[in-house]
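Asks: What follows is each chain in one-letter form.
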Amino acid sequence: MFSASFVILTSFFDLRSYSNALIESKKELAEELGKKRDIEQMDNLSELETRTRNLNSLLVDGERPVDEILFMEELVDSYGLTADIDVQRNQSSVLTGDSCLLFSLGISGSLSNLLEFMEDVENGNRVAAITDWKISFDENSDGVRANLNVEVFTSQSDE
Amino acid sequence: MINLLPSKQKEKVAKKRSERAISVLVFFLASFFLILSLSTFMVRAYGLFVLEKEAASVIEKKGALSDIERKEEIINEFNAIALSISSVEEKKIDFSSIVSDIYEIFPDGVKVRELEFERDHPTAGDDTFILSGRADNWDLLLSFENLLEENYSEVNFSPGSWSSTRDIEFFVNFKIDESDE
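Going line by line, the protein sequences match chains A and B. Residue numbers for the first sequence follow my numbering, beginning at 28 and rising by one. Residue numbers for the second sequence follow my numbering, beginning at 1352 and rising by one.
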């Protein structure tokens, strides 16, 4: 008799606690799913990852400034300019406060080439901004000497 | 019916009867609890089966939720990068075209020596262009001032710029309107 009562009671409590836990879990789940319904209906995961990767590729790797120095040297050369290049890592942008590489460029060449170079920096395939600059003109020729501060923004993972 | 058995025998029969009644009662009680236990066990097994099925569906939904959470993480990452890039694009100034525009308005006879942009100018304030150069005469400098005033704002020549009439070394700072940036 005792064992029968024990079986009945334990079965009842077992089922009750299991069922309560399940109901709680279902409620929480429904609540979470309700909150994230909009996200669920958005694009699929791989497409989102691709878009994020594409966007992230506009930002450079802050841990590899050498790559960016080489890139900047090639860019300067391609416009027939000569430059002294100095770079500082892990700088905070004066524009946005985000992490960036700060290039200090001392450039010599013609004004037209300098302007084309500046345009390329501003609108090229990197997120970059010229922040401060000074251009000294040679009165007897088209030659200029310019000092530019260029911020090249780095990816989030570098922060 | 008259019981003609001797009294000793009568007691024996009565005892046997009560013993039988008790054993029948015990048998029925035992059967009852046994059946009750079995049926409870069956109900429990069925209940567990149903709950297990529900639990499996909950686990499946939790899997979907973790997918959504991963998606949310990627969306947040995407938004952070997009926000950072758009913030740069919004705040940066297109200097190449500005320098080009400034250079174009110089009249003949006015030469630029230095052109500079300071984000935090000590006296003129934020985002100031500073220009120094030489003008052949006072009239050319005046016409240059007018051109600057037509195109830019807060044009301020240093007082010394107007002190001579020929070969004037001038110094001016000005700003561009935000809409022109």
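What the hints contain is simulated information worked out from the structure, not anything from laboratory work. Where is the CB? At the ideal position from N, CA and C, for every residue including glycine. Hints may be right or wrong, so weigh each one.
Unchecked claim - Partner residues aside, some chain A positions facing chain B, computed with beta carbon under 8 Å:
1. Phe-40
2. Asp-41
3. Ser-44
4. Asn-47
5. Leu-75
6. Glu-76
7. Glu-146
8. Ala-156
9. Thr-158
10. Trp-160
11. Ile-162
12. Ser-163
13. Phe-164
What the hints assert, rightly or not - Which chain B residues stay away from chain A? Per the calculated CB distances, all over 10 Å, these:
14. Leu-1355
15. Gly-1476
16. Thr-1516
Asks: It remains to establish, for every hint, whether it holds in the given structure.
Replies: Verification of the hints:
no. : hint     : result
1   : Phe-40   : violated, 10 Å
2   : Asp-41   : holds, 7 Å
3   : Ser-44   : violated, 11 Å
4   : Asn-47   : violated, 11 Å
5   : Leu-75   : holds, 5 Å
6   : Glu-76   : holds, 6 Å
7   : Glu-146  : holds, 4 Å
8   : Ala-156  : holds, 4 Å
9   : Thr-158  : holds, 6 Å
10  : Trp-160  : holds, 5 Å
11  : Ile-162  : holds, 5 Å
12  : Ser-163  : holds, 5 Å
13  : Phe-164  : holds, 5 Å
14  : Leu-1355 : holds, 42 Å
15  : Gly-1476 : holds, 15 Å
16  : Thr-1516 : holds, 20 Å
Checked against the numbered hints listed earlier, the structure breaks hints 1, 3 and 4; every other hint is satisfied.
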